[in-house]
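Peer 1: Just so you know, the sequences run in chain order Y and E.
FYI, the working numbering numbers position 278 of the first sequence as 278, with every residue one higher than the one before it.
FYI, the working numbering numbers position 24 of the second sequence as 1024, with every residue one higher than the one before it.
The hints are simulated quantities; they were obtained by calculation from the structure and are not laboratory data.
Every residue gets a Cβ at the ideal spot worked out from N, C-alpha and C, and that includes glycine.
There could be a bad hint or two in this list.
[Said to hold, decoys possible] Label pairs and their computed distance ranges (CB to CB):
#, chain 1, residue 1, chain 2, residue 2, range
1, Y, Met-34, E, Gly-1199, 45 to 51 Å
2, E, Asn-1013, Y, Gln-206, 33 to 39 Å
3, Y, Ala-295, E, Ser-1384, 54 to 60 Å
4, Y, Ser-158, E, Leu-1015, 34 to 40 Å
5, E, Arg-1267, Y, Gln-275, 39 to 45 Å
6, Y, Gln-156, E, Arg-1164, 42 to 48 Å
7, Y, Ala-279, E, Arg-1398, 38 to 44 Å
8, Y, Arg-231, E, Val-1271, 37 to 43 Å
9, E, Glu-1270, Y, Gln-156, 42 to 48 Å
10, E, Ser-1384, Y, Glu-142, 29 to 35 Å
11, E, Ile-1279, Y, Ser-57, 43 to 49 Å
Each chain, letter by letter, is given below.
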Amino acid sequence: MLPATVADTAALLAAGGYVADLALATTVHLALAMRRPLFLEGEPGTGKTEIAKVLASGLNRRLVRLQCYDGLDLSAAAYEWDHARQLIAIRIAEAAGTADRLALASDIYGREFLQARPLLSAIDPDLPPAVLLIDELDRADEPFEAFLLEVLADFQLSIPEYGTVHAVTAPVVVITSNRTREVHDAIRRRCLYHWVDYPDARRERQILARKAPGVPARLTAEIVAFVQLLRSEDLFKLPGVAETIDWAAALMHLDRHELDPAAVDDTLGVLLKYQDDIARVKGAEAARLVGEARAAAAA
Amino acid sequence: VTAPEAGGKLAVNMLNFAGLLRRTGLPVGPADVLAALAAMERVSLASRVQVHTALRTTLIHRREHQDLFDQAFRLFWRDPEAGRAAAALALFEAGKQKPPQRAPPGSRRLAEAMARPSDPKPRAERRDEIDAAMTVSDRERLQSMDFEAMSAAEIAAAKAEIRRLALPLDHRRTRRRRPDPAGPHIDLRATLRASLRQGGEILDVATSRRLTRPPPLVVLCDISGSMGRYAQILLHFLHAVANDRDRVHTFLFGTRLTNVTRPLRHRDAEVAFQLVSHIVPDWSGGTRIGEALGEFNRRWSRRVLGQGAVVLLVTDGLDRDGASGLAAAMERLHKSCSRLVWLNPLLRWDGFAPKSQGIRAMLPHVDAFRPVHNLASLRALVQSLSRPASPREMDRWRMAS
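Please model the entire structure based on the sequences and the hints provided.
Peer 2: This is the structure we're talking about:
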């Protein structure tokens, strides 16, 4: 059953451990209610993929994930014919003496020779309803986007040798992009668009409380204040929420109960992933940020 | 509340709102408006956030449009008399003299503010207007730029030249294949389909070959004062390249970095140049190469340098900031792209030693250095870029610096 109201959708996300703001909950609700794909764009580590996972478990559907990469083609994304079995079937037909061409053609292009890949699996009428996650679409190349259009518009897939496969229950489609390339307008038009931003301090504290239980409230506040300050710095790659969660776990592992410059310097690699950024923050800058973060957390 | 009436009013407001968005330049289509109306039925109209989100998620499709949308939303839906504001706006648009009702205060300002960026084609006089409106700082000389339009024959000639352009590493193998009788890979699917025509007998093996395509091209072009005399030719070049290949991103920089990819893609060169000169604030001013490249690295590199992009950097390397931060920015840029080509249109061949600070900071971080003695024509530019590199050329330049 799909949630009936925005509040129900928010509750569904919260039950799955996802702390969504009202705008995101509204967008997700609309995507479900209007049966439109959800197109989530945002910096890495802001929880785009997580939404699909939470939706799958919350709606009690299977999650079908398609990780995109450069050169992703039909045989990896949608379906592939099992050529070896087809060849054997032809040989057997020959040996049995049934050389009826038309019958042979329909035989070896039957469903049992068709190997489903994520896209076909997501709309397969014989399988239970699915949540289809098309992850990091910006990594795939443009020809693949063009192919996606049919699947996204009508939830169907045309296979020349076989026919058209329609979904009985439209899958919930979540598309994510990190913007390493601009995704084409034609895709955007078919989707509901949402830019997933870094959370504000309050929401990030809630996320941390959910995702890293056991971290003392004081430390949580300091961690979040520090990361929020870091995001206003002039860095090549800003830390995402995923990094905040990892960092909290790292500090707990080192038995730190409050931020101090030495601990920050030692664990900076969890937050920042470029040497230029680490060199820039390490030392005096980190000490200054720690001071400010602790003051902000105490306030 | 009678539902149809409320729905009708909502639909009218929605059309007005969509019209407002369109006039501000946002691409809002009829399908988007229908989706927005459908979305409104599914959210609580009492919740401002829900209504805002429902409209935003259906009407816009890019993050760049979000700020403008949010502003328009605030202006349009703030006023309970939005219908009247919209009516006044429509009248303003139509250029009529007297509105039948007194418009609520502020609606005219709103109309003007929203109507201004809607002009689809900037005309010549608008450039002066922008000049006057720009606050001139003492550090930045802001000038507008005139470009001669190309004749049809010149455009044809330019296109012919551009077709001869062969950048280094211009063929990148993709993972896609096309049928090719002499190709090295066996295409089992095509083979089987062909065999069925022979009653299942495989008579011929279908083969395929990998496709190659040019990698994305990112051009960073210096338009500071010292490069001023080449601006015209460079813009012609950029326009021809942007319209000849797909996946070309173009940035201009002097003291600031401006993305001119979209305006430059306009097929009419004259319109494209007007659009470009209209949005670039710092023609023929100073150069801060390090800062411009740093900004590119932070804001754009991850978005446009994917998939093996080649970067073409066009600059004379004369930096006003004494090359501060230039080496670091160049190093980061070099590490982020698959190939970095530097085209320097000011270098003299004879007896020139690249001693300037900027040049010395940049040379270690480029894959290919293409000096042009005197950039007089598009042909010279294309020839210089397409010339095969001699093996130890880069070493010689680095030694000299």
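Peer 1: Evaluate each hint against the coordinates.
Peer 2: Consistency of the hints with the structure:
1. Y:Met-34 with E:Gly-1199: 45 to 51 Å: Once the Cβ atoms are compared, 50 Å apart, the range 45 to 51 Å for Gly-1199 of chain E and Met-34 of chain Y holds.
2. E:Asn-1013 with Y:Gln-206: 33 to 39 Å: holds, 35 Å
3. Y:Ala-295 with E:Ser-1384: 54 to 60 Å: holds, 57 Å
4. Y:Ser-158 with E:Leu-1015: 34 to 40 Å: holds, 36 Å
5. E:Arg-1267 with Y:Gln-275: 39 to 45 Å: holds, 44 Å
6. Y:Gln-156 with E:Arg-1164: 42 to 48 Å: Between Gln-156 of chain Y and Arg-1164 of chain E, where Cβ atoms are some 45 Å apart, the hint holds.
7. Y:Ala-279 with E:Arg-1398: 38 to 44 Å: Given a distance of about 25 Å, which is not inside 38 to 44 Å, the answer is violated.
8. Y:Arg-231 with E:Val-1271: 37 to 43 Å: Holds, since Arg-231 of chain Y and Val-1271 of chain E (Cβ atoms, about 39 Å apart) stay within the stated range.
9. E:Glu-1270 with Y:Gln-156: 42 to 48 Å: Holds: the Cβ-Cβ distance is about 45 Å, inside 42 to 48 Å.
10. E:Ser-1384 with Y:Glu-142: 29 to 35 Å: holds, 30 Å
11. E:Ile-1279 with Y:Ser-57: 43 to 49 Å: Holds: the Cβ-Cβ distance is about 47 Å, inside 43 to 49 Å.
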